[in-house]
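Can you make the complete structure from the sequences, with help from the hints?
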Amino acid sequence: MTTTLKLMTLVTVLTCSACARTPNIPTASLTFAGFSQPGDSVLYVKLESDQNLSEVFNIYEQQNQNTPKFVCALDHDKNFDVNHTIKARGIGLLEADTKPGKSGTFYFRSSLSFNTTEEKEVPVPMPITSGAALENLLAGQESIPCQVSVTAYGFKAYYTDTVYIPTANLVTHLKEMNHAAEQR
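Residues 2 to 185, numbered by my numbering, are exactly what the sequence shown covers, in order.
If you are wondering where the hints come from, they were derived from the structure by calculation, not from laboratory data. It cannot be assumed that every hint is accurate.
Claimed, not checked - The calculated DSBU-like cross-link candidates involving lysine-lysine, where the alpha carbons are at most 35 Å apart (straight line), are:
| id | residue 1 | residue 2 |
| --- | --- | --- |
| 1 | Lys47 | Lys88 |
| 2 | Lys103 | Lys70 |
| 3 | Lys157 | Lys100 |
| 4 | Lys100 | Lys79 |
| 5 | Lys79 | Lys47 |
| 6 | Lys157 | Lys103 |
| 7 | Lys176 | Lys157 |
| 8 | Lys176 | Lys100 |
| 9 | Lys47 | Lys157 |
| 10 | Lys103 | Lys88 |
| 11 | Lys70 | Lys47 |
| 12 | Lys70 | Lys176 |
| 13 | Lys70 | Lys157 |
| 14 | Lys79 | Lys157 |
| 15 | Lys100 | Lys47 |
| 16 | Lys100 | Lys70 |
| 17 | Lys176 | Lys47 |
| 18 | Lys47 | Lys103 |
| 19 | Lys176 | Lys88 |
| 20 | Lys88 | Lys157 |
| 21 | Lys176 | Lys79 |
Here is the structure:
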C-alpha cells in the first residue's frame with residue numbers, strides 16, 4: 002500500500018469515527034409524579050417513565066451511557082438541545098428512585114439546582130439563591146417544560162418527551178424549604 006493510500010485510509014477512518022449516530026431508541030414518555038423532601042435543603046422532582054432511562058443506551062444500543070440529565074426551562078425556552086444554553090433553568094442528574102413497577106413503569110427523581118446564564122462568549126451559570134428571584138422567574142407561568150437527555154460516546158444525544166411541572170406546586174415546596182431554612 003502506498004503512503005498516500007495509507008494516509009487517505011487513516012483520514013477516512015478518523016473522519017467517520019467522529020460521526021455521531023442517531024440512537025435507535027424509542028422516545029420515552031415522562032410523567033410528573035410530584036415532589037419529595039427528604040431533608041430541609043433538598044427538593045426532589047419525582048418522575049415516571051415507560052423506559053429505563055438509567056440504562057436506555059445499554060438496552061437498545063449495547064453502549065454505556067452518561068448519567069441522564071433533567072433540565073427545566075424557566076424562561077419559556079423549549080430548545081433542550083445539549084448544544085444550546087437555556088438562559089434560566091433548573092438542572093439536575095436523574096437517578097432511579099425505586100425499583101420498576103410490574104406494569105413496566107420506571108420511577109426517577111432529580112434534585113434541581115436553579116441558575117441563569119448571561120450571553121457571553123463562554124457562558125457561565127450563576128446560581129439563583131434567592132427564593133424571590135426564582136418566584137419572579139416563575140410568575141405568570143402555569144407550568145415549566147422539562148426534558149431528560151442522555152448521552153453516550155459515538156451517539157447524538159437522546160431526548161425524552163417534554164413533561165410539564167406545575168409552577169404553583171414548585172413555588173409552594175420552595176417556600177416550605179426557605180421557611181425551614183430560616184427557622185434553623
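Ascending list of hint numbers which this structure does not respect: Checked against the structure, the hints that fail are numbers 7 and 10, while the rest are satisfied.
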